[in-house]
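Chain order of the listed sequences is A and B.
My numbering puts the first residue of the first sequence at 524, with every later residue one more than the last.
My numbering puts the first residue of the second sequence at 2, with every later residue one more than the last.
Since the hints were derived computationally from the structure, they do not count as laboratory data.
Fair warning: there could be bad hints in the mix.
As the list claims (entries may be wrong) - Straight line, CA to CA, 27 Å or less: simulated BS3-like cross-link-like pairs of lysine-lysine: (1) B:Lys68 - B:Lys127; (2) B:Lys170 - A:Lys571; (3) B:Lys73 - B:Lys217; (4) B:Lys272 - A:Lys659; (5) B:Lys109 - A:Lys571.
Stated by the list, open to error - Quick look at which bits of chain A chain B covers, simulated, 3 or more residues with Cβ under 8 Å: (6) 526-538; (7) 557-568; (8) 583-589; (9) 603-615.
As the list claims (entries may be wrong) - Facing chain B, from chain A, some residues (calculated, C-beta under 10 Å): (10) Glu572; (11) Trp668; (12) Gly675.
It should be emphasised that the depicted structure is a prediction, and the values quoted were computed from it without experimental measurement.
Backbone N, C-alpha and C define an ideal beta-carbon position, used for all residues, glycine too.
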Amino acid sequence: MEKKAQLKIQQMAFVLVALVIFMGMVGIIFFSVYVSDIRKDASELRDKEARELVRKISSSPEFVFSAQSCVSCVDFIKVLKLKDLAEYKNFWKLDYLIVERINNKSSSELIECTLTNIDNCDKISVIGKENFGSAKSSFVTLVRWDESLGGGNYRYELGRIKVSEIDIKND
Amino acid sequence: MKKKNKRGYENSFAWIFAIIAGATIIFLAIYAISNFIGMFKTLRGSESALEIGTLLTPFENSIEEGKLNIIKTREETEIYNDCVESGEFGTQKISVKVNSKIGKENIKGVPSGFKNRYLFSDDVLKGKEFYVLSKPFDFPFKIGDLIISWSKDKKYCFVDLRNYQDVKKDVEGGNFGNVVNTTSTRACDEESIKVCFANPNNDCNIIVGNNKVMHKEKNKEVFYTLFDEDLGLMYAAIFSDPEIYNCQIKRLAKRAVLLEKLYEQKASLSKSLGGCESIGYLGGELNEYELTMGEIATSENPNINNANMVVSSLEEKNVQNCELY
């Protein structure tokens with residue numbers, strides 16, 4: 524009888540150990556699915572935020588040419604100077620923010636704008652981290668003063684703003 | 002007899018073992034579930050905060066300005082408006098507590114921070130529906146958008162708008178949802194917040210006049226400006242907690258200082274590129290503007306009216322056809 528009792532206790536102990544291991548495994552699977560869902564939700568929310576932002580960023584005070592005359596016009600000179608202001612690097616929670624002129628060049632051929640090549644450049648990289656996610660873009664009108672236009676006038680060009688939201692891992 | 006005793010011992014041991022093991026498993030399960038519910042609530046709060054922050058984006062940057070909008074939530078929600086002054090731009094933090102029926106205690110989610118948003122409201126907004134009004138803040142150039150919000154559950158009564166015809170138009174035009182307009186405090190709903198624009202009496206909760214808004218319950222006065230006849234800051238001062246209002250004014254002043262830097266550089270570059278020379282003559286005004294806004298950004302009780310003169314001067318010199326802003 525003693526042996527039988529010991530066997531029963533052993534059986535129960537095995538069942539309990541198996542039960543705990545099973546529950547642990549179920550827990551691990553559940554949490555891994557749950558955590559991946561959280562990551563997906565967070566990434567979707569950030570994506571949504573970036574899409575909203577790219578639609579509206581052209582009319583933010585740092586970009587807008589003149590709120591009174593043209594709400595979605597981007598001030599080319601202002602953006603060129605904005606690039607040099609370090610304070611704005613973390614202002615929009617973005618990994619990538621560029622303003623480019625629309626032309627036939629491929630992305631590798633685009634020339635970065637500086638103070639000396641304003642007439643012949645293609646893009647201004649306000650925030651340009653090397654690693655960034657998928658970029659969202661929106662068309663805008665780029666405006667700047669051009670002396671060559673009949674004694675001086677504003678030049679309006681078609682441009683594009685591209686943004687990519689900050690990577691969750693870097694946030 | 003011996004046999005009987007052994008079986009009794011054997012049975013009682015099996016029972017005690019089963020009870021202890023069962024109780025431990027049940028205890029662990031309950032503990033895990035309660036922790037999980039807490040985590041779930043925090044997560045839902047955090048997601049809601051980020052979602053509300055994203056929902057506020059369309060209210061920025063002119064698209065939805067001046068129009069009253071409603072944000073609706075599925076459950077009773079508490080939105081915490083936390084304004085942080087520190088840093089180059091300060092931070093707008095929004096956290097949310099969703100009042101769920103599961104579990105006793107509701108937990109506040111992780112706050113979402115935004116540097117480019119200015120939410121003027123009470124420190125805690127409670128309810129299921131929230132009014133959102135967006136007004137651009139141009140002083141003289143655009144600095145940001147004032148997002149003014151209040152709960153549908155909180156009624157406001159504007160008293161005696163004789164001298165504020167534009168406000169009257171806004172209220173009567175349905176621009177303020179649950180805000181009513183009366184001629185005396187006695188005509189207001191008892192539970193409503195009475196905002197008096199003239200002849201204040203003891204029943205008034207908020208008194209508006211002379212570029213100041215007095216919050217009687219908090220015994221705090223805040224300053225607004227009606228520069229360019231823009232009512233945005235006045236509305237923000239009425240619907241906002243005075244501490245939050247002052248914090249947001251300081252944040253806006255900080256952004257104005259950085260925007261001034263940008264305009265100063267634009268002015269000097271435009272001048273050096275040739276043409277549009279008049280833009281370069283704004284240097285003196287820009288410096289004075291930077292100084293004044295810098296003082297407002299660091300003041301204990303910021304008075305935005307201190308900048309009215311330099312702002313008017315900048316506006317006068319912003320030449321048409323060769324504008325700085």
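We went through each hint and held it up to the structure:
Pair hint Lys68 (chain B) plus Lys127 (chain B) holds up; C-alpha atoms about 22 Å apart against a cutoff of 27 Å. Among the hinted pairs, Lys170 (chain B) with Lys571 (chain A) is inconsistent with the structure: their alpha-carbon atoms are about 36 Å apart, more than 27 Å. For the given pair, Lys73 (chain B) sits about 30 Å from Lys217 (chain B) by alpha-carbon distance, which is inconsistent with the 27 Å threshold. The suggested pairing of Lys272 (chain B) with Lys659 (chain A) is violated, with an alpha-carbon distance near 34 Å, which exceeds 27 Å.
Pair hint Lys109 (chain B) plus Lys571 (chain A) holds up; C-alpha atoms about 23 Å apart against a cutoff of 27 Å. For the region 526-538 of chain A, the proposed coverage by chain B is satisfied: 4 residues have a C-beta within less than 8 Å of a C-beta in that chain, meeting the threshold of three. Counting residues of the region 557-568 of chain A whose beta carbon lies closer than 8 Å to any beta carbon of chain B gives 4, which meets the minimum of three for the stated coverage. With 5 residues bearing a CB less than 8 Å from a CB of chain B, the region 583-589 of chain A meets the requirement of three and the coverage assertion stands.
A count of 10 residues in the region 603-615 of chain A with a Cβ less than 8 Å from any Cβ of chain B is obtained; the coverage claim is therefore met, three being the minimum. Annotation: Glu572 (chain A) was flagged as interfacial toward chain B, and the flag holds, the nearest CB pair being 5 Å apart, inside 10 Å. Taken as an interface hint, Trp668 (chain A) checks out: its beta carbon lies about 5 Å from the nearest beta carbon of chain B, inside 10 Å. Interface restraint check for Gly675 (chain A): the shortest CB-CB distance to chain B comes to about 4 Å, inside 10 Å, so the restraint holds.
In summary, the numbered hints that this structure violates are 2, 3, 4.
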